[in-house]
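First to last, the sequence lines map onto chains F and W.
According to the numbering used here, the first sequence holds residues 1 to 375 in order.
According to the numbering used here, the second sequence holds residues 376 to 620 in order.
Since the hints were made in silico from the structure, they are not lab data.
Any given hint could be a false lead.
[To be verified] Selected chain F positions facing chain W (in silico; Cβ < 10 Å):
no. : residue
1   : GLY142
2   : THR144
3   : SER233
4   : ARG235
5   : TYR246
6   : GLY249
7   : ASN259
8   : ALA260
9   : HIS297
10  : GLY301
11  : GLY333
12  : LEU337
13  : LEU344
14  : ILE353
15  : LEU358
[As the list claims (entries may be wrong)] Calculated lysine-lysine pairs in the DSBU-like style (CA-CA distance at most 30 Å, straight line):
no. : chain 1 : residue 1 : chain 2 : residue 2
16  : F       : LYS284    : W       : LYS432
17  : F       : LYS175    : F       : LYS143
18  : F       : LYS175    : F       : LYS186
19  : W       : LYS426    : F       : LYS334
20  : F       : LYS357    : W       : LYS496
21  : W       : LYS488    : F       : LYS357
22  : W       : LYS432    : F       : LYS261
23  : F       : LYS357    : W       : LYS481
24  : W       : LYS426    : F       : LYS261
25  : F       : LYS234    : F       : LYS191
26  : F       : LYS54     : F       : LYS191
27  : F       : LYS118    : F       : LYS191
28  : F       : LYS268    : W       : LYS426
29  : F       : LYS143    : F       : LYS111
30  : W       : LYS481    : F       : LYS234
31  : F       : LYS262    : W       : LYS488
32  : F       : LYS175    : F       : LYS191
33  : F       : LYS143    : F       : LYS118
34  : F       : LYS268    : F       : LYS175
35  : F       : LYS143    : F       : LYS116
36  : F       : LYS234    : F       : LYS261
37  : W       : LYS432    : F       : LYS262
38  : F       : LYS19     : F       : LYS54
39  : W       : LYS432    : F       : LYS268
Quick reminder that beta carbons are idealized off the backbone N, C-alpha and C, glycines included.
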Amino acid sequence: MNNDAFPKQPTYYEEVLRKGYPRRDFLKFASMMAAFIGLEQTAIAQVIQALETKPRMPVIWLHFQECTCCSESFIRSSHPIVADILLDKISLDYTETLMAASGTQAEAALKNTMAKYKGQYLLCVEGSVPMGADGVYCMIGGKTSLQILEEAAEGAAAVIAWGSCASNGCVQSAKPNPTGATPIHKLIKGKPIIKVPGCPPIGEVMAGVIVHYLTFGRIPELDRLGRPKAFYSKRVHDSCYRRPFYDAGLFVETFDDENAKKGYCLYKMGCKGPSTYNACGVMKWNNGTSFPIQAGHPCIGCSEENYWDNGRLYERASSFAGFGIEANADTVGKVALGVTAAALAVHAIATNIGKSKLIREHEEEGRESEHELEA
Amino acid sequence: MAKKYLHIHRLRRVYVWELPVRFYHWLNALIILTLIVTGFYISNPLALLSKQEASFKYTMGWFRYVHFVAAYLFFFNFIFRLYWGFVGNKFANWKQFIPTSKRFIKEMWTVFKIDILMLRKNGQQQEHLSVGHNAMAGFIYFLTFIAFLVQCFTGFGLYAAMSGWWLPQLFAWVPAFFGGDIVTRQIHHWAMWFFILFTVIHVYLVFYHDYVEGRGEISSMGGGWKFIEEEVFEQKRHHTPNPEH
């Protein structure tokens, strides 16, 4: 990467041609992106025009506490142009995993991009920021994650919290959260933040967000939790091809039973699909090959906040904090019911002793009246 | 002929539970039972296997459908009861449920001593006679109303994602507030146990009062009548835990 001078930024289309893709592929890509971000057919032309005329958008990609599965996901986006052009090395001005530069050069590239494209670049953050012990758990180039994040966010047009770590803290923020792992939206204020949760998230979402921003000059519409509606408005359950078995009440009981072979619903194996908002069932993974449920594994709800602490992965039943790891709501409920029944039994006995006189009086009174009645 | 020590009480009939209250009560009981049964199935469906094709079956679909219909009935029934708390008789008034005076708190303490601890006074067994709810009961019903609210908010919050109607949409913010559907669903499930425990204790206490006091406690939710000893009535002891107005 050249740190000193940035050549004039080519448009996406120019870059496509330079890489040797025919226009036909480019148009296919534009149509696909339009479909992904939920545009109607007439808007495809707008997308094409934006990609043809607008210079590529600089992206700074920061890595903090994460496992890089998010990066792995996006470089396997289904359309080659996504990885090759939109988010290729040339588009990513700084990303620890994929850039060629390292050390001082890399730091310089980051600085240059931040200065040169102030207010224009897209900041993509992968991983959570450790806030414990003054942030020593994750430092790069002598700076804490928080320092790097704050500096980079300063001049960003928008921030993408890429993956569950950046969106909600993921596994490292699970109890007891030893490093004080904190998601991005709690640290950065005053910038549009797009949350793209998932462990990892679907690669196309990144491309979709960039194309949307390019075409319309603003970030895509977000839901209440700050996720792009185009990808997160439906539950995995709603687009699951095993849904008919759910409605029919036909469930896999164990992983090796006949029902599993028949492809019944994985609900009773703890599938979190009914509580998880993502586009897995539609977009799928690895070039649209499959997704967990199709592979016979229940959804673990990886794009939902706090999914590590919200009960076990292979159980629908809800865990009950403070009652041991084996206790779920129903266990506690049954115990409470037993205790209540026992308490009522004790009360009933105590009543017969403690109110004996009152009860006897009423009874005698009643009997007396009965005797007075004429036969 | 009455024995000397025995004083035969004359009972005065009081119309305590008006028809709308009784209707609300039994509809509510039926709906809550339905919601619990269907809710248990939805959370952990029984293995009802069948040779039928999936397309001929709609078991989970029906359980959910009944659950949702019952939820709507529950919601509107609840709204109606809140309304009746302002227009109904003094025993249905909202002041029977929310402690707004010292008298209310004092009566709760009295009920606690007499009906739970069964304390005696000067060696004498005591009874606490109230016409409508006693203060303790009223307050527990207030807690059930809070539980109703929790169930309505979490339930419709979860349902909002599957509905286009504006009413459930009003609750669409709830899962976002709690941090997602998973935890919202868990709250909904935990709160259900409150209803089960409440029902057990509630039914027990109805029998308890009828057994100890013999004033038509059980049948009052049928005909609306409760009976109070004439002398207690004459004494003008407080008939409701909170003063009116």
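Could you check the structure against the hints above and give me the numbers of any it violates, in ascending order? 1, 2, 8, 9, 19, 30 and 31
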